[in-house]
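Start from the sequences, fold in the hints, and give me the full structure.
Protein chains: 2
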Amino acid sequence: MKVYLAGPDVFLPDAMAIGRRKKEICARFGLTGLFPLDHETNETAGTVAAPLSLQIFRCCTAMMEDADAVIAHLTPFRGPSADAGTVYELGFMAARGKICTGYTNRCDSYADRVDRAPGVAPDASDLVNLDCEGHVIENFGLADNLMIVHALEAFGHSILAPGAEPADVWRDLTLFEKCAELIASQK
Amino acid sequence: MKVYLAGPDVFLPDAMAIGRRKKEICARFGLTGLFPLDHETNETAGTVAAPLSLQIFRCCTAMMEDADAVIAHLTPFRGPSADAGTVYELGFMAARGKICTGYTNRCDSYADRVDRAPGVAPDASDLVNLDCEGHVIENFGLADNLMIVHALEAFGHSILAPGAEPADVWRDLTLFEKCAELIASQK
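The listed protein sequences correspond, in order, to chains A and B.
When the letters of the first sequence are read in order and numbered with our numbering, they come out as residues 1 to 187.
When the letters of the second sequence are read in order and numbered with our numbering, they come out as residues 1 to 187.
Keep in mind that the hints are not guaranteed to be accurate.
Since copy identity is lost for identical chains, a pair holds within one copy or between any two.
[To be verified] Calculated lysine to any residue pairs in the SDA-like style (CA-CA distance at most 25 Å, straight line):
hint, residue 1, residue 2
1, Lys2, Gly97
2, Lys187, Met1
3, Lys23, Val136
4, Lys23, Gly134
5, Lys2, Arg96
6, Lys187, Pro51
Just so you know, these hints were derived from the structure itself, not from any lab.
Right, here's the structure in full:
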């Protein structure tokens, strides 16, 4: 079974090493991990190369089509939510009927991470808390936007979050390994 | 033709009014706009209600299945990228073969919006700029993450962005209207 390895890992300076570790964990469970940076972005000689960003898009899309499942790394990235590219890919895989799994290495909820408007106290029972721009803060106690969290339940397995935050939220693969195990158990 | 109206509009205090305006614009082009807040979240009497967040997820998913196209409002929300729920929905609609359109009311690029590491100067020709956490900044001069931008090209129409930023980036519907026009032209 092939597993697409989605996540902001590709933006870490040691991305290739993380990809290798993820693929090794997959192999231990009899899975083949497909890591976005493994693609070949050079077009065949003689053709005009598409812009690099478009080549990457095409390769990632081809890898997703080829995969049977996804493990989405959903640790919040540059804001209170997961990396946008990863979230797009989760939606794509959900709609294609692939097995969806995902993990975050943060323990707090989405609402916990959003800066609130001054004077508006957080209240678990209150769905109309406002952020600093006056926008409503979705406050269901979920790890991220409800579409992400419930998509995982509906199209695979519930999002995994740690009991205690690991020392390195970007590189800890404990929950990644559990996702691989969940996928392997469905074979 | 039915059009799913994705966007962080649902988090604005005047969300219902914005939804009405969007549906009116759709109607002018012979389209039926499906706005997420129009769903019925109450379960049938006698059944145990699912948590509200799950009811919303189910209703949004049913609306997406029912729609022929999506207009995704992609103005960056709580960070340098578009709203996570909207991005998930774009991925879902792309994979289901629906007509994908989207707009942002910001003129700057994704890379422009990310805080850079001190001492690392932005350089258009340099793909290894780092953010404050030491993570690589995707720097293709695109309006958002490459998966979002190229998905729109591949599965519908290129992202629309304004020549000059409108006074109210959350409520200006000039580009929304252009998206509706693009969808209507495909009928």
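**Request:** Just pull the numbers of the violated hints for me, sorted ascending.
**Result:** Failing hint: just 6.
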